[in-house]
Each structure stands twice: as structure tokens, then as C-alpha cells.
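> Here the structure of chain A is known, so what remains is to put chain B in place on it, guided by the hints.
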Amino acid sequence: MKTLKIYLIILVLMGFSHLKSDEKKNELKNSILKNIRCLICQGQSVYDSESDFASSIKLIVSKKINEGMSDDQINDFLREKYGDWIIYEPKLDKNTYVLWLLPLLLFLVGGAIMRKNLNFRK
Amino acid sequence: MKNKLNLIIIFIFLIFCFIIFYKGLDKPNTYAPKTNIEKNLPIFKAKDFILDTYFDSENVFTEESYYIVNIWASWCVPCRKEHSLLMELSNNQSIKLIGLNYRDNLNNAKKFINELGNPYTQILIDKDGTLAVEFGAYGVPETFLIDKNKRIIKKFVGPINKKIVEEIKLIIK
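Protein sequences, first through last, are from chains A and B.
Heads up: the first sequence begins at 1 in the working numbering, then just goes up one per residue.
Heads up: the second sequence begins at 123 in the working numbering, then just goes up one per residue.
Misleading hints may appear alongside valid ones.
Partial list, derived from the structure: chain A residues whose beta carbon lies under 10 Å from chain B [as the list claims (entries may be wrong)]: (1) 59; (2) 63; (3) 82; (4) 83; (5) 113; (6) 120.
Computed beta-carbon distance windows for the label pairs [what the hints assert, rightly or not]: (7) 292/B / 111/A: 52 to 62 Å; (8) 104/A / 249/B: 42 to 52 Å; (9) 273/B / 62/A: 20 to 30 Å; (10) 183/B / 111/A: 51 to 61 Å.
Keep in mind the hints are simulated off the structure, nothing from the lab.
Cβ atoms here follow ideal geometry from the backbone N, Cα and C, with glycine treated the same way.
Pulled out of the complex, with its shape left as it was, chain A reads as follows (with noise of 0.2 Å):
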């Protein structure tokens, strides 16, 4: 009696372990589709879209996740047939250098001023 107890309880913990990572899933899966762009749609995410292309990156992107690759994995494999555009969040390369590092620049500089300035009242 002891001993199905037990197992019963094995059984219960093994099936939440199972919707909590089925949810992990689902949370990884909207992250992801959030940062697609739908290319066939007028400023909308693939997340937001309900068109065919859409329907079809969501599937993909479902069975890719089931096959156990990251984000960064997806993301690439999207870039790789789509290209840049198709991913909003842009990757950090020889062609967005500028746009990556110039707001740290200008916080630099900024800083610098400031400080200068600072030091220059007292």
C-alpha cells in the first residue's frame, strides 16, 4: 500500500514536471515569435499575425523548440532563410556596430561632460 502511495506520488510530481516545462516551452516559443517580424504583414510580429506565413513560422518555430534548439538557434535558422530583417531585435556585426555602440558613446561623453562640469562649479 506503501509502495503505491509512493508511486502515485512519483506519478503526480512527474506530470507537473511535464506542464511546467510544456509552459517553459510556451513562454521560450511567444518570446521568440515576439521578435519575428512578419514580413507578409504591415508592422506586425508573427506573434500578433494570424496570416499564412505567420501560422507557418509559428509551427516551425514550435518544431524546432521540440527539437531542442535556443533561441539564438531559431533566430539564425530564420536570418539564414529571411535574412536580418525578419528578426526585430538587430545582432551585433560590422553593420550595426554604430547603432549598438553609439548610445553607449553618447552616455560616455554625456557622463564626461557632466562630470566636467560638476568638478568646474566646485
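Just chain B, lined up with the frame of chain A:
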């Protein structure tokens, strides 16, 4: 001296902004798919339209010749328009046509082929559109030209026309 330095910094910043915006003027702000990118053929498994069996991609593109992969559907009006040109291309011995039936009803697709003719060596079924994504397609109709090294060398988004057919013939000659 300090004012002069500030002025120089502002001036350099404005010049920088001007260059960025000026360069941006040359770039179109609408998305246009790239048609000339060379890519490897995707590896896939798909159901045959007639035989009802599954084929691996390596068993589809077996011969050392040019291939055309055409994505079509019976519900797609432009596909009907381009079909006569595909029939014309199918008469060319140096190219094989593979059809990808996209998100379609099988009976309607069969009626479409019976009515307009079958230009394809083989038709594969893409029930959920995922196979089209593996090819990097946006929708229907779309046509891919594959060279003898099994690389996608050209992509034509939308229905093909006489000009495109001539272009294909020139490449495969």
C-alpha cells in the same frame, strides 16, 4: 576656448547625423526580398502528391540537372496565370520541375492539375506551410531555381512571366 571646443563638438555631431541620414536616403524603406542569394537546398521529408509516400529531399533531387521548385496552390489565382509558362518550361529537357502544393485541399489540387496539366516531375505536399519556410518562401506562387550543385541560385517571388522564363532558359542553356 571652452566655447570653441563645444562648438566643434556640436559641429562634428551634426555632420555625423547628416552623413547617417544622407546615407539612409539611398536605402529603400520598404522590404524587398533578395532574389540572388545562393543557398543550399534544405533537408526535408515530404509526402508525395500521387504516391502517398514520404520522400527525403535527397531522393527528390537525384539527377544532375537544373531543378525548379514551384510553390503553388489551387486557391491561388496568380498560380493559374503562371501555369501555362510552367507547362512551357516542362518541355525543356535540361530542367526538372518540382511542385510544392502549399496549404491546399488535395481534391481541389488534383482538379487544378487535371484541368491545367501537370508540368511537374514530382509534386510534394506542404500541408502546413513549413516546407515553404524551409525554402525561405513568403507565400504562393514562388519559384526557386536550383543548379546542378544542388544550390538555390535564384528566387522569384510572385508569378513568373515570359521575361523570367527567358532568364531561366538563359541560365540553364
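> Confirm or reject each hint.
For each hint, the structure was consulted:
Because the beta carbon of residue 59/A sits about 5 Å from the nearest beta carbon in chain B, less than 10 Å, this interface hint is met. With its C-beta approaching chain B no nearer than about 7 Å, residue 63/A sits inside the 10 Å limit, and its interface hint holds. Hint status for residue 82/A relative to chain B: holds, with the closest Cβ pair at about 6 Å, below 10 Å. Among the interface hints, the one on residue 83/A holds; its C-beta lies about 6 Å from the nearest C-beta in chain B, closer than the 10 Å criterion.
This hint holds: residue 113/A has a C-beta 9 Å from the nearest C-beta of chain B, less than the 10 Å allowed. About 9 Å separates the beta-carbon of residue 120/A from the nearest beta-carbon of chain B, less than 10 Å, and the hint is met. At about 60 Å, the beta-carbon gap between residue 292/B and residue 111/A stays in the expected band of 52 to 62 Å. Here the CB-CB span from residue 104/A to residue 249/B is close to 48 Å, well matched to the stated 42 to 52 Å.
For the pair residue 273/B and residue 62/A, the supplied restraint of 20 to 30 Å holds, since their beta-carbon distance comes to about 29 Å. Between residue 183/B and residue 111/A the beta carbons are some 58 Å apart, a value that agrees with the proposed interval 51 to 61 Å.
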